[in-house]
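There are 2 protein chains.
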Amino acid sequence: MQIIEGTIASPKGFSATGLHAGLKKEKKDLGVIYSEVPANAAAVYTTNQVKAAPIYVTKEAMADQKIQAVVVNSGVANACTGKIGLANAQEMQALTATHLKIVKDTVAVASTGVIGKQLPMETIEAGINQIDLQHQEPYAFHQAILTTDTATKEIVVTEEINGQTITMAGVAKGSGMIHPNMATMLAFVTTDAQISEDLLQEILADKTETTFNQITVDGDTSTNDMVLVLANGLAENPVIEKNTDAYAKFLAMFQLVSETLAKMIAKDGEGATKLIEVQVVGALNETEARLVAKKVVGSSLVKTAMFGEDPNWGRIICAVGYAGSHTDPGKIDMWIGDQQLLKHSQPQSFDEAIMKQTLEKEKICITVDLNIGAQSGKAWGCDLTYKYVEVNALYHT
Amino acid sequence: MQIIEGTIASPKGFSATGLHAGLKKEKKDLGVIYSEVPANAAAVYTTNQVKAAPIYVTKEAMADQKIQAVVVNSGVANACTGKIGLANAQEMQALTATHLKIVKDTVAVASTGVIGKQLPMETIEAGINQIDLQHQEPYAFHQAILTTDTATKEIVVTEEINGQTITMAGVAKGSGMIHPNMATMLAFVTTDAQISEDLLQEILADKTETTFNQITVDGDTSTNDMVLVLANGLAENPVIEKNTDAYAKFLAMFQLVSETLAKMIAKDGEGATKLIEVQVVGALNETEARLVAKKVVGSSLVKTAMFGEDPNWGRIICAVGYAGSHTDPGKIDMWIGDQQLLKHSQPQSFDEAIMKQTLEKEKICITVDLNIGAQSGKAWGCDLTYKYVEVNALYHT
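Chains as they are written, first to last, in the numbering used here: chain S, 94 to 490; chain R, 94 to 490.
You may find that some hints are simply not true.
Identical chains blur together in the list; that is why a pair holds if it fits in one copy or across any two.
To be verified - Pairs of lysine-lysine residues, derived as DSS-like cross-links and limited to a Cα-Cα distance of at most 25 Å, are as follows: (1) 335 x 210; (2) 105 x 454; (3) 454 x 152; (4) 480 x 194; (5) 194 x 159; (6) 449 x 480; (7) 210 x 456; (8) 118 x 159; (9) 456 x 159; (10) 176 x 424; (11) 480 x 159; (12) 342 x 120; (13) 454 x 197; (14) 120 x 197.
These are computed hints drawn from the structure, not numbers from a lab.
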């Protein structure tokens, strides 16, 4: 597998572009991904019971799991907007279909931005009509989906599968909004591989558990979260079947794309200065390992300690203790970087100079060994900083 | 029922005192509550699987639910201290029993402070030997259990029950430590009422659900949390039986004491400037009402919005949506103070000047009506501020 420079339009038959429609003051705010042929599609959505209008529209479009285009706006989330909001999301879908001359039900819709505000439909319509895929600017799509993200998030990989070069690209936006309201996560993955929609959905659901669902910025779950995967088959590889070499390779590509995007989102959390990775080993099962890892990385006390570059193992073991997994409270080992802090829950002496260097870095790895089983799991988050409070307190609705 | 000035030693037959033993630099750090006769006792403990040594010692002392004295130190939590820590907690119990000339198994032990450090037993022993209940200073007990709390927390109430005046007193410490590690909650309630230990335990377990368990500062559950209730019967009222007028009155006293202490703890959360009360009505059942209230008040995004004095209903409805209760996402009503922000999940116009005044206050009430049932619940928390990050990031272990 190779990581290459590229965009969401790198896989065969995909194009993408983005532009400034006018929802934001100056930045790009509308984007489209398009596939030459309807792609087999898989999606996962927010578990929040309060779902934004585009979630409903995309779910309906996904009934047959064929998607040819995705239209995304930033600036307005189209959440808590009632029947008008739903009609607007449907209109956004219809306008895109008409403009691209494709079937309405093959267009997925996503929005991110402020809650409770209606989409300015004239702006949206004018924007959609300006979409020009003949003169596409794929990187502009990466930019158009951002809100308070400080950087675009993308990865492109290629792999030989059964003699064909398969390309997979992912792009995401994370934790921050023009008007900060919550950490909406949107991620789009395109690939030219031939794979059935059902297997794609199975892989997405499975890998979401270990990647996108294992990141946390502030524990809040957005009304708009969505991960959408499109496989248009134009690489013309033999259809990927489960439990084959081709499947293993495809799975590895998907894992790398998902995990990379997830980490990029965690690292770019509102006000964050550090990526925190927590690895839990020695757990009874993977679910519990992931649970403990996520509780540790989500603890406000751990997050502030990492911001303060303090090896505060007391806060970490405390979070392990309340995570709700099977635990033997006297058996916990812990490391930050390669320095061991706890052995069987008792403090160990460590090299303070090395620890200082470890904690000064932009990525901090915490390892917890529960010593009661053989399973492991990871989670990613960021530190909790003055800037987080500033971003989220100083904004006025 | 009357709220009176007083201390944890106000109920008949109780005395209490506190002093500076030397665990902290200057402030009081050791205290004792004593009852002339062994009291019927009830207790609830942290659900954290990593429990501090004094929790184990107190649980053992509570086997017969008779407690005559409580010894508490602040400064060192005696958590993650292994066998030595357990022996030290037992020694602290034995020293107190010897000094007060009572049975060792009637002494409860509690600690709060930094994790992973052993108790300085010479200091503890010297401190215990200085305890002089003949010249008691009960308010010094209130001070001795504090860590980074900015104020003592106490309430005393009296009520006529079957012709006798019953007194009930409560004292607590909350969210903050000399070396901030986590929000340890300790609460002690004394009363001279005659009531069986079993009924006392039932009342405590029940009321904990709606009071102490409904507060959140940062979502972290300490290794040392404990609520301990002592009823020594010296008011000589007829023993309080369930489902009588006397029971109803006792319950009301206990509710007021617990809820008042819980709110005081929430308001004095690390770095907090405001108490936030969330009331959820129209829920299917009380458990779900409390769950939703606690999710809203625990949301970092809601907490920062309240710090910023912003009526950000989008963050509130988002937290309602991910709380995991039964919800009809199109039916939610919401108020901040008496200003309605949402009706059936749609934004309402409100008086901005009144809203500004409401949000400037030290106590902010958020009401959410789920409109799907008839049950309600409350939760309390505080805002998330620069000071919280400072308190928790600038400390170095």
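Hints versus structure:
1. 335 x 210: neither (44 Å within a copy, 53 Å between copies)
2. 105 x 454: Neither: 38 Å inside a copy, 59 Å across copies.
3. 454 x 152: neither (41 Å within a copy, 43 Å between copies)
4. 480 x 194: neither (45 Å within a copy, 55 Å between copies)
5. 194 x 159: This pair counts as within: shortest intra-copy Cα distance 16 Å, inter-copy 80 Å.
6. 449 x 480: For residue 449 and residue 480, the Cα distance is within 25 Å both inside one copy (22 Å) and across copies (24 Å).
7. 210 x 456: For residue 210 and residue 456, the Cα distance exceeds 25 Å both inside one copy (37 Å) and across copies (28 Å).
8. 118 x 159: Neither: 34 Å inside a copy, 69 Å across copies.
9. 456 x 159: neither (39 Å within a copy, 52 Å between copies)
10. 176 x 424: between (55 Å within a copy, 13 Å between copies)
11. 480 x 159: neither (42 Å within a copy, 51 Å between copies)
12. 342 x 120: Neither way: residue 342 and residue 120 sit 38 Å apart in one copy and 63 Å across, limit 25 Å.
13. 454 x 197: neither (48 Å within a copy, 51 Å between copies)
14. 120 x 197: neither (28 Å within a copy, 71 Å between copies)
In the structure shown, a violation is registered for the earlier hints numbered 1, 2, 3, 4, 7, 8, 9, 11, 12, 13 and 14, in ascending order.
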